[in-house]
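Asker: Those protein sequence lines, which keep their order, are chains A and L.
Each residue of the first sequence is one higher than the last, beginning at 1 in full-length UniProt numbering.
Each residue of the second sequence is one higher than the last, beginning at 1 in full-length UniProt numbering.
A portion of the hints provided could be inaccurate.
[As the list claims (entries may be wrong)] Taking lysine-lysine and the DSSO-like style, the derived pairs with C-alpha atoms no more than 30 Å apart in a straight line are:
hint, chain 1, residue 1, chain 2, residue 2
1, A, K221, L, K159
2, L, K159, L, K132
3, L, K66, A, K129
4, A, K122, L, K66
Since the hints were made in silico from the structure, they are not lab data.
The structure displayed is predicted, hence computed values, not measured ones.
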Amino acid sequence: MSVYLLRRLIQAAGVVLAMSIIVFIGVFAIGDPVEILISPDADQIERERAVAALGLDLPLWQQYLVFLGKAVQGDLGRSFVFNEPALQLILQRMPATLELALAATVGAIIIGLPLGLYAGLKPNSLGSKAIMAGSILGFSLPTFWVGLMLIMIFAVQLGWLPSTGRGETRELLGLRWSFLTADGLSHLVMPALNLALFKISLVIRLTRAGVRETMLMDYVKFARAKGLSPFRVTFVHVFKNILIPVITVTGLEFGSTIAFSVVTESIFAWPGMGKLIIDSINVLDRPVIVAYLMIIVLMFITINLVVDLMYSVLDPRVRLDSK
Amino acid sequence: MAETTTAATAAAPTLEVRNLQTHFFTRAGVVRAVDDVSFTIGRGKVLGLVGESGSGKTVTGFSIMKLVDPPGRIVGGSILFQGKDLATRSEEEMRNLRGNRIAMIFQDPMMTLNPVLRIDTQMIETVQAHEKVSEADARARARDALGMVGIPSPDERLKSYPHQFSGGMRQRVAIAIALLHRPDLIVADEPTTALDVTIQGQILAEVQKLCATTGTAMLWITHDLSVVAGLADDIAVMYAGRVVEFGDVGEVLDKPLHPYTHGLIGSVPSRNKRGEPLRQIPGMTPSLLNLPEGCSFRARCPRAAADCIVMPELHPWLPQRLARCHHPHLEEVAAA
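Could you build all of it, start to finish, from the sequences and the hints given here?
Answerer: This is how it looks when you write it as structure tokens:
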């Protein structure tokens with residue numbers, strides 16, 4: 001187990017290094033921040049002083065080495081715009097995004113699993129057909145449009161839910177969370193639902209396919225031949241088998257949820273990392289963009305590892321021993 | 001009243017299947033997988049149900065368990081278990097019988113155990129599905145059952161997952177699960193087909209011993225005539241969804257009445273036929289979707305005549321010997 005973990009960590013370091021090079025070159029290719037950051041009225045001397053202060057006068061490979069040397073010490077550079085460490089800037093916004101993504105993922109499982117289970121057990125019923133048709137909508141409607149519609153209906157027309165911000169927050173474990181207060185919760189519902197819509201559809205389809213496949217297996221028929229109650233057959237024998245793909249996919253999706261919360265955060269003015277990165281791209285705030293992408297890469301690597309570990313708990317045939 | 005019921009139960013054979021019909025209503029048409037199956041199994045007896053692939057053996061087994069899934073349905077006949085018809089039982093009553101009074105062993109041991117549940121979970125749940133016993137007692141029962149089918153160090157093996165067992169060992173576990181409640185009837189669907197010959201021999205010997213000691217009746221579904229010869233008391237031969245011959249296993253294998261049984265036995269290689277070409281039955285099994293009119297073996301039968309256009313009934317040509325044929329091999333029985 002520990003050998004396995006060590007090997008995974010070394011692999012992860014390699015991925016991060018490769019990613020940092022790609023990101024650095026990519027951001028360099030987007031454009032020159034000097035044009036945006038320095039006022040057009042500045043003369044040549046002021047201009048050169050500013051460029052030197054930002055370290056932009058060095059050749060690309062030297063800029064990269066300077067960045068790498070600092071990054072190893074935990075310094076991902078200072079934001080050109082805010083003049084604050086980029087890492088700190090992102091970490092301040094991270095709890096908001098994490099909360100949104102977690103709420104969306106939990107919501108997707110709570111809503112998606114029972115619906116998918118029903119659709120798999122009774123594939124020909126009217127309810128199942130309605131669920132499956134709904135899941136196609138969930139897949140195909142664009143997030144930004146659904147978000148705007150939600151605001152139109154629940155915030156503008158009905159006035160039930162607030163449309164922007166996080167609302168009142170309360171501190172837990174040193175971080176501020178919205179879901180602990182009634183006001184914060186009412187702010188969280190709409191963006192979380194908006195972000196969850198795609199995932200609900202995904203979980204429904206995965207669960208339904210898993211149930212339909214598993215129900216045909218010999219071991220389910222054997223469980224019935226043992227005289228077990230339908231409840232036990234469904235919720236122990238079938239359920240435990242379909243959890244494997246559902247956990248894998250929702251786990252891997254968690255990374256994309258964080259990465260793609262950009263759209264939802266922009267629509268609902270949710271003060272998370274997604275909104276920050278969009279603003280930073282607009283002003284070509286290189287250190288923030290690079291730091292954000294590095295954090296997302298780290299997050300994906302961590303999620304993959306966690307999913308693999310959970311997999312080994314669920315499926316006894318997967319053991320992570322390096323025998 | 002109670003005494004008469006007990007007497008009737010004792011007198012009735014463990015299982016009596018009469019004119020069973022199970023059809024599958026598919027888009028392509030009605031598949032008559034089981035179209036007229038009748039046989040009897042007495043207490044402690046083993047009946048070998050023999051036939052080619054697709055002759056309806058497995059569907060017969062599932063019909064007895066009432067585990068035929070849609071689009072399949074039992075459409076006719078009766079299944080008398082200890083004198084009472086299973087066709088009229090509710091699903092809840094059937095659930096109480098399954099695994100308890102009637103157990104089933106499946107064909108492929110690699111597929112019958114749930115891969116994500118430990119052996120002890122899968123055995124204890126079977127005990128507790130039918131009896132209110134503590135988990136410790138259920139575990140003890142499971143351990144004893146594993147010991148009975150010859151699994152070494154059952155206490156440790158209980159904590160294993162199915163993938164840690166070989167095919168033969170898994171089939172032993174499946175048999176142990178079937179034996180947990182000392183059932184009156186075991187439906188065994190080709191349980192040794194997927195196993196090595198040596199393991200097959202061991203399991204057959206165990207099963208035979210168990211039937212003799214516990215009085216359990218067994219329906220042994222197989223396509224292997226040599227297994228039936230060594231294990232069964234009676235034999236029922238199926239062809240295209242119907243039983244075509246039924247009788248004592250020794251007599252049927254020695255002097256078959258039905259031309260199909262005759263052909264089947266003739267096509268088995270044996271030592272005293274060395275060097276001769278193997279005889280085969282000409283033609284192919286008919287499709288169950290559109291069976292020919294009359295006797296379904298007619299087109300392949302060397303003894304077919306004009307009257308075979310009418311479906312023959314399962315007729316007792318000899319005492320305790322039934323055959324579904326207008327022209328059975330009676331002269332060979334007489335000659336001997």
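Asker: Taking the hints in turn, state whether each one holds.
Answerer: Status of the hints after comparison with the structure:
Note on K221 (chain A) and K159 (chain L): the hinted pairing holds, with a Cα-Cα distance of about 23 Å set against a maximum of 30 Å. For the given pair, K159 (chain L) sits about 22 Å from K132 (chain L) by alpha-carbon distance, which is consistent with the 30 Å threshold. Restraint check for K66 (chain L) and K129 (chain A): the C-alpha separation of about 29 Å stays at or below 30 Å, so the hint holds. With a CA separation close to 20 Å, the supplied pair K122 (chain A) and K66 (chain L) stays within the 30 Å bound.
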